[in-house]
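Participant: Chain by chain, the residues run as shown.
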Amino acid sequence: MITFDEVTKRYADGTVAVDRLTLEAPTGEITVFVGPSGCGKTTSLRMINRMIDPSEGRVLLDGVDVTTIDPPTLRRGIGYVIQQAGLFPHRKIVDNVATVPYLLGWDKKKARDRAMELLERVGLDLKLAGRYPFQLSGGQQQRVGVARALAADPPVLLMDEPFSAVDPVVRTSLQEELLRLQAELNKTIVFVTHDIDEAVKLGDRVAVLRVGGHLAQLDDPATLLSRPADDFVREFLGRDRGIRRLSFVSGHEVGLRADLTVPVSTETAGLRDTAEPWLAVLDEDGRPLGWARTDDLPASGTLAGVPLAPYGTFDRGRDSLRAALDATLLSPSGCAIAVDDAGRAEGVVTREALSEALDRVAGGAHA
Amino acid sequence: MREEPLVRWDWIGRNWPSIQSLLEDHVVMSLVPIVVGLLVALPLGLACVRWRGIYQPTMSLMNVTYSLPSLAVFVMLIPVTGLATRATVIVPLVFYSLAVLIPAVVDGLGSVPDHVRQSAVAMGFTPLRRLLLVELPIAVPVVLAGLRVAAVSSISLVSVGALVGRGGLGYLFIDGWQRQFYTPIIVGVVLVVLLAAIADALLVLAQRLLTPWSRARGTA
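As given, the protein sequences belong to chains A and B, one line each in that order.
In terms of this note's numbering, the first sequence is residues 232 to 598.
In terms of this note's numbering, the second sequence is residues 49 to 268.
Hints in this document: simulated from the structure, not taken from any laboratory.
Quick caveat, the model's predicted, so the values are computed rather than measured.
Yeah, the Cβ is synthetic: ideal placement off N, Cα and C, and Gly gets one too.
You may find that some hints are simply not true.
What the hints assert, rightly or not - Which stretches of chain B does chain A cover? Using the computed rule of at least three CB atoms under 8 Å from a CB of chain A, they are: (1) 161-168; (2) 175-189; (3) 252-261.
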């Protein structure tokens, strides 16, 4: 556990970067520091590994004041990932990853074996091990940066805007990779970002800091989005925080209708009189093919020859209500098709069902 | 009257042993200043990076030295180091090479990206290890570029020493000019150019071997 106890950082010119910050980053969880530039989030992070020392107050690592530990020793036990990855350009990828083991005096073979294991773990092709950093893409470099931080298996990981410099697609995959790794490794992670979406996606707990280094709110993401502490936090979370909050509501919250799905082999004749304007057409395996408009169905034949409208799906086991809402917007029927892991339709989410689920969530926000 | 040929090959053949010893002398007098210059420039460059305030005064001094005509410096040094000695030529050339190599070391260390330095600190490098294992290796391409300039200029400047009696291949220029006889002049020019080209090629080779990580960076 990392504890900030009344920590203040004041510079010689009188600027206060961090003002009496008190908070805890629990063991095995991701704590995100988020805020606009100048809020002291990076300064706070760097006080954990003594790249900056506090002017007042104490930073404790499992109860030990970090200023009592010699900086190089302290830092070798704390993984660190920064924005541009900070890889050593003159060292091969495998040796970059093995940096801290080398510093700790491991023998070369053991350090390199460990490095190869980590490259695999962060999803990199082992062929890259013998290359130099300039030969890798930004996303690959960032993965190497994460592998390097994990090399000596430190219990604590500090990440300073690690994914901010890569394009959005790569960023999303890196974020998912981090969550996957964290599920296996259970590190104590402190993660700094200016991106509130990233903060609520990754954080078990999110600390919102305001300019001048004040802690505005510290909560789990769902609480943060539903109950912002004040106007600053509300504004920082942005106008679409209600939509984002749906990310934290399970897809199971919404009810399904099984009667709106029909196999593609069905004769159209019997369907033309149904009261439903749209039906979800499924293939032989039960996977969705698209939406058929009942008014336009031909008098004879099966659904196989009918033109189908586009559809959206969501996985009820894995996806949130936000994905369900998104899926309803993708089809002209206004309904989403719920699918299982194998992509087979479980039923249909109507606007009414979605609306009921949203009502329940909104009710919960005021409870 | 028969036309005198531009190059008298028989003269070269007859004088080859003395040409060879002039060449050796030239190599020694141009190489020593580069090696000594590098050994001096490294700690001075590091000091300039460590204490930023002394960089400008140091460079002003070096640039003033660099602007002094080499012949004048050779002449001034004769009372100290003696007429026609190697030292008379080598000492000024050390200073000339410093004027190129100190900024090369400073710029080389400056070429270390800040995020690389930061991450070295964050991973627990002590300052000395960081310098030796991270910063200096990354500075190598820039330092070697400076070394190429210093080497070529040192090789060409040695010739001027001939005017104070010790100029390696430069002796051939004076000899040829005094006798209005072109062969030694041409031999001297060809050998000096050849020497510079070889020195440069060796340094390029050294760069390729030492810094495979920077080879393709320009095109990547």
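Participant: Looking back at the hints listed earlier, which ones does the structure fail to meet?
Facilitator: none
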